[in-house]
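Undergrad: Next come the chains, spelled out residue by residue.
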Amino acid sequence: MVSSQVEQRYAEDVGPGDEFEETFTLSTDHVQRFLAMPGNRLGSSQNRFNSEDAARRDGLPGPIVPGVLSLDVAYRVIGDFVGVWGKVRSLEVSFRRSVFHNDTLTSKILITDSGEDGERHWFKADVFLENERGERPLQGVADFELPARG
Amino acid sequence: MAEGEAKFDPSVIGVEEEIGQFDITQEQIAAYCAAVGETNPLYTNEAIAQAGPYGGIVAPPGIVHSISMGNGPDAKIRFGNAAFHAGEKMEVIAPMYPGDHITARIHVKELYEKTGRTGSMLFEVRRTIFSNQKGEPVVATEKSFVRREVVPGGE
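Protein sequence lines, in the order shown, are assigned to chains A and B.
Numbering-wise (the working numbering), the first sequence opens with residue 1 and increments by one.
Numbering-wise (the working numbering), the second sequence opens with residue 1001 and increments by one.
Do not rely on the hints blindly, as some may be mistaken.
[Said to hold, decoys possible] Simulated crosslink set (DSS-like; lysine-lysine; CA at most 27 angstroms straight-line):
no., chain 1, residue 1, chain 2, residue 2
1, B, K1134, A, K124
2, B, K1007, B, K1114
3, A, K124, B, K1007
4, A, K87, B, K1007
5, B, K1114, A, K87
6, A, K87, B, K1089
[As the list claims (entries may be wrong)] Looking from chain B toward chain A, a few residues come up when the C-beta cut is under 10 angstroms (computed):
no., residue
7, F1022
8, Q1026
9, P1073
10, A1075
11, M1090
12, G1119
13, S1120
14, F1123
Don't read these hints as lab results, they were simulated from the structure.
For every residue, glycine included, the Cβ atom is placed at its ideal position computed from N, Cα and C.
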C-alpha cells in the first residue's frame, strides 16, 4: 500500500493489482467554498447542502456534500496520483450513499488493467471513496495515462 | 408521450441546446482548488506548471461543476415522486487555460425504464459538452438521473 501524493509516477512503476489510497476530511468549509464560487447557484438558497434545517426536512441527519463535489475530490486524488505529466482521460462514478459534511473519506485506487498503444501507456482502475463507517458512497472506474521513464 | 408506465417526451433525445457560457480565470481556478483541496502544481503553481506539459497553469476539469448552467431540453417527465443524481462520467478532452471562454451545450442522450429491487425507475442520461472559444471540446460530462416512487417511511 502506497500513500498517494503529488509526485511523478511512471508507467514502469504501476501495474494491475497495485492499490493506492489517500485519507482526507471533506469539511463544511470545503462545501461552503464550493457553494460560494462565482456562478454556483447551488448555494443561493437554504438547502440540503448548506442548512441543518433544510437537510432534516429532506429526511437527512445533516447537510450533505453535493455529488459533483465528491466526484471532483475523487478526481483530485487520481490527478495527484498521475502527477504533472500523467493524464486522466475519464472518471465514471455511481453515487451510492450521501457524503456528510466533515466525513473522513479514504479514496482507494485499484489498478485493474494496463497496456501500451504506441507511446501511450494506459491504465484502468477501480476507484471508490470509503467513509469512517465503512460505507462506500462513491465508486467507479478511471482511465488514465502515465509517462514512461523512457 | 408514453412508453410503458413512464411518461416522457422521447422527441427531445439528441436535441442539442446551449445552456451557458463562462470564462476561465485565475481567480476561479484558485477558488475551486481551495474548495476541493487541490494542490496539484498543474493548477496551483505557475513555476512548476510552466515547465509542465501545458506551459502554464490550467484549470482542473471539474471546475465545470462549480458553475450553474441552464437545464436544457425538457423531457417532460411525469414519473415517480423522487429524483436523484445517480452517477456521472467526466471525460477530459483538452486543457482549459485562464482566459478561455467556455460554452456548454447539452442534449438528452437516453431515457429508459428499469425495474430494480425497489420497483420501477426511469433513467435520464444528459450529456454536456464544454467547448472553448475555438469550438474545441475540452470536457464532456454524462449525468444519470433516476426518478422513482418513494413511499414515505418505506425504503
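Undergrad: So, for every hint listed, does it hold in this structure?
TA: Do the hints match the structure? See the list:
no.: 1; hint: B/K1134 x A/K124; result: violated (31 angstroms)
no.: 2; hint: B/K1007 x B/K1114; result: holds (14 angstroms)
no.: 3; hint: A/K124 x B/K1007; result: violated (38 angstroms)
no.: 4; hint: A/K87 x B/K1007; result: violated (41 angstroms)
no.: 5; hint: B/K1114 x A/K87; result: violated (35 angstroms)
no.: 6; hint: A/K87 x B/K1089; result: holds (16 angstroms)
no.: 7; hint: F1022; result: holds (6 angstroms)
no.: 8; hint: Q1026; result: violated (13 angstroms)
no.: 9; hint: P1073; result: violated (19 angstroms)
no.: 10; hint: A1075; result: violated (20 angstroms)
no.: 11; hint: M1090; result: holds (5 angstroms)
no.: 12; hint: G1119; result: violated (18 angstroms)
no.: 13; hint: S1120; result: violated (19 angstroms)
no.: 14; hint: F1123; result: violated (12 angstroms)
Hint check: violations occur at hints 1, 3, 4, 5, 8, 9, 10, 12, 13, 14; the rest are consistent with the structure.
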